[in-house]
Amino acid sequence: MSEPRSDISEADLQAYADGELPESLRADVAAWLASHPEDAERIEAYRRIAEDLRSTYHSVLEEPVPERLRRTVRRAGTRRAAMIAGWMIVGAALGAIAGWQIHSLQPSAAATGDAAAGLPRRAAVAHATYSPEVRHPVEVGADQEAHLVSWLSKRLGTQLRAPKLESVGYTLVGGRLLPGENGPVAHFMYQCNRGTRVTLYVRNDVASNRSTAFRYSREGNVDVFYWVDSKVGYAVSSGDISKDYLLNVANAAYQQLNPP
Amino acid sequence: MNEAQRLVDLIPRLRRYARALVGDRATADDLVQDTLERAWAKLHLYRRGTDLRAWLFTVMHNVHVNRVRASRPTDTLEEEMPELAQRAAQGDALLVRDLDRGIACLPPEQRAVLLLVTLEEMSYEQVARTLGIPIGTVMSRLSRAREKLRALMQGQPVAAKLKVVK
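Keeping their order, the protein sequence lines are chains A and B.
Going by my numbering, the first sequence opens with residue 1, and the numbers climb by one from there.
Going by my numbering, the second sequence opens with residue 1001, and the numbers climb by one from there.
Here chain A stands alone, though its shape is the one from the complex (with noise of 0.2 angstroms):
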């Protein structure tokens, strides 16, 4: 039979109040509490004050929503199916013209003017160029990563970052600064612990101040995820692995890169 605890902080008081202390602890809190009215009191008080917020506001959950706000819904909706639609239309078009069979709902992203034009393209080349170097696969190595990060954000304008993805199998290599289309662009390398690399392309010279969703190309052999957020164009490469896990790197960089 050992003790009860002396040792009780303010943040397992806390805890206790909101019931997100561990069983373990809720004993020991307990007879703390028993033998400090004041905290016990303290606590009480703060319980009073969370079930007094719930009724107080309780009511707003059983109003009527206002219609304006089901209507943002809506309206939003429909403009989204109506631009899913438009990009039917444009793949039967095209499909029709070519001859071709549609992949996909969406057609590709020049025929489309889309505002992730030949991103896929430039990253795969990129990708292709810089991966198999041995001994100057970067120009500034993960060492230097803050500084690596401020300058190349420096010169694309906007705050970059380079994502964790350790969580995913890979660590940085580091990055270098590349001419593209109308801008520099950023280009980071990661590796595996088998050699295998993924690279990442960022450019901020995005024509249209349009978001994209998700989207994947196959360039010759480098397959590319890639994303717009406003003006910043956003590509994940590689031709070393499966697609599937390329996706699964990628979604780890979107989920870094693109917070809600």
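Since the hints were derived computationally from the structure, they do not count as laboratory data.
It cannot be assumed that every hint is accurate.
Lysine-lysine pairs mimicking BS3-like chemistry, simulated, CA-CA at most 27 angstroms apart [as the list claims (entries may be wrong)]:
(1) A:K231 / B:K1042
(2) A:K243 / B:K1042
(3) A:K164 / A:K154
(4) A:K231 / A:K164
Since the structure of chain A is already known, use the hints to place chain B on it.
Structure of chain B alone, referenced to chain A:
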């Protein structure tokens, strides 16, 4: 569309949180509307299968921070101060018993944490993810918010208390 329906289903919770966050109904619903619009525009960034509610609250938090920044550059707390001080000068009992007003007296970042924990009943970890702050910060803000609110509800001298805590 599936996500549209889920968004509509979450509107009452967004409204409840917004009401507690900003006080009056019209401003709260404006905040909800901006949130829904932004959520739609950014829906491609939402990862299917993850917690849509938490994601929406993150969107709302970002929208709110931007709105506050755009509309009033000064801190909310600073703005509330003169009114409270004035009450004191009038020899009022200086009691703030109304919960609504009590919440309004909290600094915005503490208010957000307290409301997510109590109204939305989010875990500390969910709050940390929603607001993009470390879990330790969630706990310290929560602790300060509660203590301040408790003092306010008990009618302790507000202005003096605020200065101490700040």
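Comparing the hints with the structure gives:
no. : hint             : verdict
1   : A:K231 / B:K1042 : 14 angstroms, holds
2   : A:K243 / B:K1042 : 25 angstroms, holds
3   : A:K164 / A:K154  : 20 angstroms, holds
4   : A:K231 / A:K164  : 22 angstroms, holds
Checked against the numbered hints given earlier, the structure satisfies every one of them.
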